[in-house]
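Chains as they are written, first to last, in my numbering: chain A, 313 to 625; chain B, 60 to 368.
These aren't lab readings, by the way, just hints derived from the structure by calculation.
The reader is advised that the hints may include incorrect statements.
[As the list claims (entries may be wrong)] Label pairs and their computed distance ranges (CB to CB):
id, chain 1, residue 1, chain 2, residue 2, range
1, A, R392, B, H257, 57 to 67 Å
2, A, P484, B, G100, 16 to 26 Å
3, B, I167, A, P394, 18 to 28 Å
4, A, W433, B, G100, 19 to 29 Å
All C-beta atoms in this analysis are idealised placements derived from N, C-alpha and C, irrespective of residue type, glycine included.
Letter by letter, the chains look like this.
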Amino acid sequence: MAVRSVARPSRRDSSGSPAHGTPRRRRDWTGLLFVLPFLAFFVAFLVWPLLAGLGTATTSAGLSNPGEFVGLDNFVDALRDPDVWTSLGNTLWFTLLSTPLLVLVGLVLALLVHQLTPGRWFWRLSFFAPFLLPSSVVALIFVWIFQPDFGMADGMLAAIGLNPNIGWLSDPSMAMFSIVLTTTWWTVGFNFLLYLAALQSIPQEFYEAAAIDGADGWRRLWSITLPLLGRTTGLVVVLQLLASLKVFDQIYLMTSGGPGDATIPVIQYVYEIGFTNFRIGYASAISYLFFALVLVIALVQLRLFGNRKESGR
Amino acid sequence: MTVDAPAVDRPAGDSGSEQPPPGGRESGSTTPRRRRPISLGTIALFLVTAALAVLWLMPLAWALLTSLKPEGETTAIPLRWLPTEWTLAAYESVIGGSDVGLWMFNSIFTATVTTVLVVLVSSMAAYGFARTTFPGRKLLLALTVMGIMVPPQVLIVPLFAEMVALGLVDTYWGVILPQVVAPAMVFILVKFFQGLPHELEEAAHMDGASRWRIYWQIIMPLSRPVLAAVSIFTFITTWNNFLWPFIVTTDPNAMTLPVGLIAVEGGYGLRYAEIMAASMIAALPLLIIFVLFQRQVVRGVAHTGLSGQ
Numbered sequence: 313m314a315v316r317s318v319a320r321p322s323r324r325d326s327s328g329s330p331a332h333g334t335p336r337r338r339r340d341w342t343g344l345l346f347v348l349p350f351l352a353f354f355v356a357f358l359v360w361p362l363l364a365g366l367g368t369a370t371t372s373a374g375l376s377n378p379g380e381f382v383g384l385d386n387f388v389d390a391l392r393d394p395d396v397w398t399s400l401g402n403t404l405w406f407t408l409l410s411t412p413l414l415v416l417v418g419l420v421l422a423l424l425v426h427q428l429t430p431g432r433w434f435w436r437l438s439f440f441a442p443f444l445l446p447s448s449v450v451a452l453i454f455v456w457i458f459q460p461d462f463g464m465a466d467g468m469l470a471a472i473g474l475n476p477n478i479g480w481l482s483d484p485s486m487a488m489f490s491i492v493l494t495t496t497w498w499t500v501g502f503n504f505l506l507y508l509a510a511l512q513s514i515p516q517e518f519y520e521a522a523a524i525d526g527a528d529g530w531r532r533l534w535s536i537t538l539p540l541l542g543r544t545t546g547l548v549v550v551l552q553l554l555a556s557l558k559v560f561d562q563i564y565l566m567t568s569g570g571p572g573d574a575t576i577p578v579i580q581y582v583y584e585i586g587f588t589n590f591r592i593g594y595a596s597a598i599s600y601l602f603f604a605l606v607l608v609i610a611l612v613q614l615r616l617f618g619n620r621k622e623s624g625r
Numbered sequence: 060m061t062v063d064a065p066a067v068d069r070p071a072g073d074s075g076s077e078q079p080p081p082g083g084r085e086s087g088s089t090t091p092r093r094r095r096p097i098s099l100g101t102i103a104l105f106l107v108t109a110a111l112a113v114l115w116l117m118p119l120a121w122a123l124l125t126s127l128k129p130e131g132e133t134t135a136i137p138l139r140w141l142p143t144e145w146t147l148a149a150y151e152s153v154i155g156g157s158d159v160g161l162w163m164f165n166s167i168f169t170a171t172v173t174t175v176l177v178v179l180v181s182s183m184a185a186y187g188f189a190r191t192t193f194p195g196r197k198l199l200l201a202l203t204v205m206g207i208m209v210p211p212q213v214l215i216v217p218l219f220a221e222m223v224a225l226g227l228v229d230t231y232w233g234v235i236l237p238q239v240v241a242p243a244m245v246f247i248l249v250k251f252f253q254g255l256p257h258e259l260e261e262a263a264h265m266d267g268a269s270r271w272r273i274y275w276q277i278i279m280p281l282s283r284p285v286l287a288a289v290s291i292f293t294f295i296t297t298w299n300n301f302l303w304p305f306i307v308t309t310d311p312n313a314m315t316l317p318v319g320l321i322a323v324e325g326g327y328g329l330r331y332a333e334i335m336a337a338s339m340i341a342a343l344p345l346l347i348i349f350v351l352f353q354r355q356v357v358r359g360v361a362h363t364g365l366s367g368q
């Protein structure tokens, strides 16, 4: 059958009678050839390390020694490790602070810019440009801005008559907020563009009909725009949650997890255990516990938002 | 003038929609709504948006201005926005005194190769998934989609061990290969390919065109907009990626720009003008790309998000 013809240059024979039915209906192994290169990468750099990491997590492996099998000890140790809980708490706290802010600000910016047709490219550039910066550039700029005394943040507060002397990055209770602020500035452009695209795809007829019925601007916003953005919001929230849970770069680069351990996220703890303390097995175990948590959150999210599309088909 | 501007300003691509002519006309129909005379509301809207835009651009402006100051002026109290003496000294010292040029090359090289590979490998896979019916297709596609869920951070430890075993630490391939795995891009392309009409493909099929020819000469040309979006989006993420190149490169000669920047920061101590100059150098390439390819970038983001619809 079709299997035999894989190697043949021409598909003519196996396509047999193209008159009935579309070519895609038939079993056709050539398709697999197209998928193979991707699969090779997928297995080599995703599936394999994922499985290997799970294996490593059950050993006492270091960076160069394979260690010995310790069963679930690493996982048990991780659950008892207060630093794991601290870093997990910080990650969740960051996610909790940043997600609503990033979704809401993205929405507001998109609503504003959508209304202002002239110069839209400029607004879009202003709000999206930070997203194009590497995390290290963002970190360098904001560490500079958050400098005490001569930094821009203090300088601007001084300009409006305040002299609060905020320890933006040095005060343990303030540092996470400063990082959230930085993150909002840096990444909100992505959500902003998602919302802008969604706004532009709302059929204009809806608004025309509403205008005829005498609905004013606010009414149109509440009764048409926001409900129609529901699906996009679901998506933005899911993407944002997953992105926020993965936070590492800006925290590592701005505070190195400090002051003390006030901002250290899970990923940094994994990094330190693995690459500074060389306890690869233990680091793997922690990252799998974290992965399990992300997976649970993602699945709950998909239940809430994602499946609506599937059932709609 | 405000009446005409929108029609010109909003080509089809801006709406993120895929059919060029109808998309363009559709969004063109919004013009009448904007014919209203300029109201107080519009002015308020403009002012609020402009204030926010200024707020958003301020950190960049502050960094840029700092980079143009002599080192002694950067820590002046009270803070002064404009340099009393404009100078490119910080840029000269960064370009002359560090490996910025090499890192720039490394970034351009690794990001370009990664992007080409992602587009090729992902579009082939997407063609296989979307337009053929080999047994096991659905299972493999489901696995691919599940791959989107795996946080790359979970992979760093085992992936680094793998790179050590393969001898790829501190090499371009060590930076590139793991980043070629882009299940989300495959998914976006699958969705797009599924929406393409079957007629052309069937005609080619009857004429005896091979699968490869159909993919390369029919599907790929039809998909140019989405391929551009995927390319640009991949380029942005790869160019800006910090964690993986940071893990896999320890030799300054192999570092990408974002990683090298951090390596050199310590060397500069508190020389803010130089740090900001280096940051501006690293920020510039993508800002230029955005200005040039704004529409494709916007569409890229829209695709990432709206692919499910």
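Now the hints, each set against the structure:
At about 58 Å, the beta-carbon gap between A/R392 and B/H257 stays in the expected band of 57 to 67 Å. Between A/P484 and B/G100 the Cβ separation comes to about 44 Å, which falls outside the hinted range of 16 to 26 Å. In this structure, B/I167 and A/P394 break the distance hint of 18 to 28 Å, their C-beta atoms being roughly 44 Å apart. As the Cβ distance of A/W433 to B/G100 is approximately 22 Å, the hint placing it in 19 to 29 Å holds.
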